[in-house]
Amino acid sequence: MIKVHCLVSCVCETIKRSDADHRPYYFGVWDSSFSLSADYVLSHHDETINHQEMLVWYERLYGIPVEEWYDHKQSKEENITQLIQRIEQKNMDESVIVMLDLASLPERENKFHHDVFPHYVMLEATEDPEIWHMLDPDFRYEGELERERILAAVRHRAVAGGFAFRSTDVRIPNATTVSAYFMSCIKVQHPLTEAVKRVVHHYREQPEGLPNALKQLPVIAIRKYAYEHAFAYLYEAIGRDLQTSDFEEWTDEVETLVNQYSVIQHRAVKYAVTRQPEVYLEIERLIEEQWARESTIKRQLVDTFHAYQRQEGIEHETRTLYDQLSASSAFI
Amino acid sequence: MSRLTIAQFEDILTEQLEWSSSVAISTTDSLRDDLGLDSMRLIHLLLHLELEHGLVIPDEHMSALPKMRVEELMSVLQEVIHD
Numbered sequence: 001m002i003k004v005h006c007l008v009s010c011v012c013e014t015i016k017r018s019d020a021d022h023r024p025y026y027f028g029v030w031d032s033s034f035s036l037s038a039d040y041v042l043s044h045h046d047e048t049i050n051h052q053e054m055l056v057w058y059e060r061l062y063g064i065p066v067e068e069w070y071d072h073k074q075s076k077e078e079n080i081t082q083l084i085q086r087i088e089q090k091n092m093d094e095s096v097i098v099m100l101d102l103a104s105l106p107e108r109e110n111k112f113h114h115d116v117f118p119h120y121v122m123l124e125a126t127e128d129p130e131i132w133h134m135l136d137p138d139f140r141y142e143g144e145l146e147r148e149r150i151l152a153a154v155r156h157r158a159v160a161g162g163f164a165f166r167s168t169d170v171r172i173p174n175a176t177t178v179s180a181y182f183m184s185c186i187k188v189q190h191p192l193t194e195a196v197k198r199v200v201h202h203y204r205e206q207p208e209g210l211p212n213a214l215k216q217l218p219v220i221a222i223r224k225y226a227y228e229h230a231f232a233y234l235y236e237a238i239g240r241d242l243q244t245s246d247f248e249e250w251t252d253e254v255e256t257l258v259n260q261y262s263v264i265q266h267r268a269v270k271y272a273v274t275r276q277p278e279v280y281l282e283i284e285r286l287i288e289e290q291w292a293r294e295s296t297i298k299r300q301l302v303d304t305f306h307a308y309q310r311q312e313g314i315e316h317e318t319r320t321l322y323d324q325l326s327a328s329s330a331f332i
Numbered sequence: 001m002s003r004l005t006i007a008q009f010e011d012i013l014t015e016q017l018e019w020s021s022s023v024a025i026s027t028t029d030s031l032r033d034d035l036g037l038d039s040m041r042l043i044h045l046l047l048h049l050e051l052e053h054g055l056v057i058p059d060e061h062m063s064a065l066p067k068m069r070v071e072e073l074m075s076v077l078q079e080v081i082h083d
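Protein chains in written order, with this note's numbering: chain A, 1 to 332; chain B, 1 to 83.
The reader is advised that the hints may include incorrect statements.
[Said to hold, decoys possible] Short derived list, chain B residues pointing at chain A, Cβ under 10 Å:
#1 Ser39
#2 Ile43
#3 Glu50
#4 Leu51
#5 Gly54
#6 Leu55
#7 Met62
#8 Val70
#9 Glu71
#10 Glu72
#11 Met74
#12 Ser75
#13 Leu77
[What the hints assert, rightly or not] Beyond 10 Å from chain A on every Cβ pair, some chain B residues (computed):
#14 Arg3
#15 Glu10
#16 Ser26
#17 Leu46
[Stated by the list, open to error] So the derived label-pair ranges between C-beta atoms look like this:
#18 Gln78/B <-> Arg157/A: 38 to 48 Å
#19 Arg3/B <-> Thr274/A: 42 to 52 Å
#20 Glu52/B <-> Glu194/A: 45 to 55 Å
Simulated from the structure, these hints should not be mistaken for lab results.
This structure is a prediction, so every number in the text was calculated from the model and none was measured.
Cβ atoms here follow ideal geometry from the backbone N, Cα and C, with glycine treated the same way.
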C-alpha cells in the first residue's frame, strides 16, 4: 500500500493493528492542505497548516481522541522537555508523534533529498536511555537512533508539532460516519492543480523562479494516491472484485495523475531554461488535462460512493454532497 | 551521439549538476538513493541530455527515473538513440 501523508500514516498504524479498516481515513488526503507562499512557492508543509479537522474526524471514525501535546506558544526547548517526559513516561498503548527535520538525519533515507524535510514520526524509549526507537510508517522505517540526534532534528527551526493518543479501544466506524466523512472531504475544485496553474501564470514573464516554486510538487502529488485507497475500500464494500472490475483502470488513471505532475515540473524547468513560448503553452495544456483527469476520477469515486450509500440504506444523506458536486449517477 | 558512456555520464553530473563523489559511479547505482539525485537534479539532467545531446527521454519514464539504476537509464538512452 502506497503511503501518502506522514501524519495520516502515523495515526493509521494503530488502526491497521486493529479490526477496523484504515482506508476510509484516506478520504480527502488527495486534496489535503499544502502551502502556497506570497511569492508563489509551493510547499508540502508550513507552520500555518492545521491538522485539527483531520484529527477530529479520526476520533469520529475510530473513537480515538488525538491530543496536540506540542504547545506552539512555548519555546522549542520547553517543547523538547515535554517530548522527553512523554517518551520516558509513555505507556504501551500510548503513541507519541513528533515533527522533525528528516534531512537532519542523513542516516535515514531522505527520499526527496530536500535541504529541509518536515516529517512526522513516532518515538519510543529503549532500555538504553541514550537510544530511542523510531517508527516511521510513511517511509516504512523502524529502527533505533541516538536520542540526541533525534532531538537535534526536532530542534530544527523549520519544524514544530507533535501529537499523542491512546489506542486501547479502536472503534469500527459505521457507514453513516464513513459517509459523512466522505462528504466532508470531496471538493469540486482541485486545489493542487489550481495552485500549479497560479504559480505557472505568476512566473510567466520571469520564469527563473519557477523551478524553485515547483520544487516540492512531487511530494504533494503523491497524496493523490489516496484515491486508490478510497476506490479499493468502496469497491470492496459494494462487492466489486478488484481483479475483475475496472478497479485497475482507475488506479492507472490515478498513477497517471501523479506522474503528470512530474511532467509538468519538467516542462516548467524547461520553460525557465529555454523561455520558449511553445513550452509554456504545453504546460497550460498539461494543467488543463490534469484538471479534466482529476474531475473524471472524482466523478467515478462519487458514483461509487452513491452505490455504497444505496447499499447501506443511507442515500438520504446525499444532499450535502449534491450541493457540492453534481455526479453523473442517476441516483441523485 | 552513438552511445553515452559511464565516463561521459559522470562528466555530465559533475559539470552540469555540480555533483561530486569520492568513488566512481557504478552501473548498479540508483540515481536517487546512491547518487543522491533529487527530482530537480534529475530534471536538469534530462534537460541537458535533451538540449545539448538531442536525447529526449519519453515522459512515461519520468516518474520511474528516481528509482532507476544507472544501467537502466543507459538502456533507455540507447533506445532513444536507436529511435
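We went through each hint and held it up to the structure:
no.: 1; hint: Ser39; verdict: holds, 5 Å
no.: 2; hint: Ile43; verdict: holds, 5 Å
no.: 3; hint: Glu50; verdict: holds, 8 Å
no.: 4; hint: Leu51; verdict: holds, 7 Å
no.: 5; hint: Gly54; verdict: violated, 14 Å
no.: 6; hint: Leu55; verdict: violated, 14 Å
no.: 7; hint: Met62; verdict: holds, 5 Å
no.: 8; hint: Val70; verdict: violated, 17 Å
no.: 9; hint: Glu71; verdict: violated, 21 Å
no.: 10; hint: Glu72; verdict: violated, 17 Å
no.: 11; hint: Met74; verdict: violated, 20 Å
no.: 12; hint: Ser75; verdict: violated, 20 Å
no.: 13; hint: Leu77; verdict: violated, 16 Å
no.: 14; hint: Arg3; verdict: holds, 24 Å
no.: 15; hint: Glu10; verdict: holds, 19 Å
no.: 16; hint: Ser26; verdict: holds, 19 Å
no.: 17; hint: Leu46; verdict: violated, 6 Å
no.: 18; hint: Gln78/B <-> Arg157/A: 38 to 48 Å; verdict: holds, 46 Å
no.: 19; hint: Arg3/B <-> Thr274/A: 42 to 52 Å; verdict: violated, 26 Å
no.: 20; hint: Glu52/B <-> Glu194/A: 45 to 55 Å; verdict: violated, 35 Å
Violation of the numbered hints given earlier is confined to hints 5, 6, 8, 9, 10, 11, 12, 13, 17, 19 and 20; the remaining hints are satisfied by the structure.
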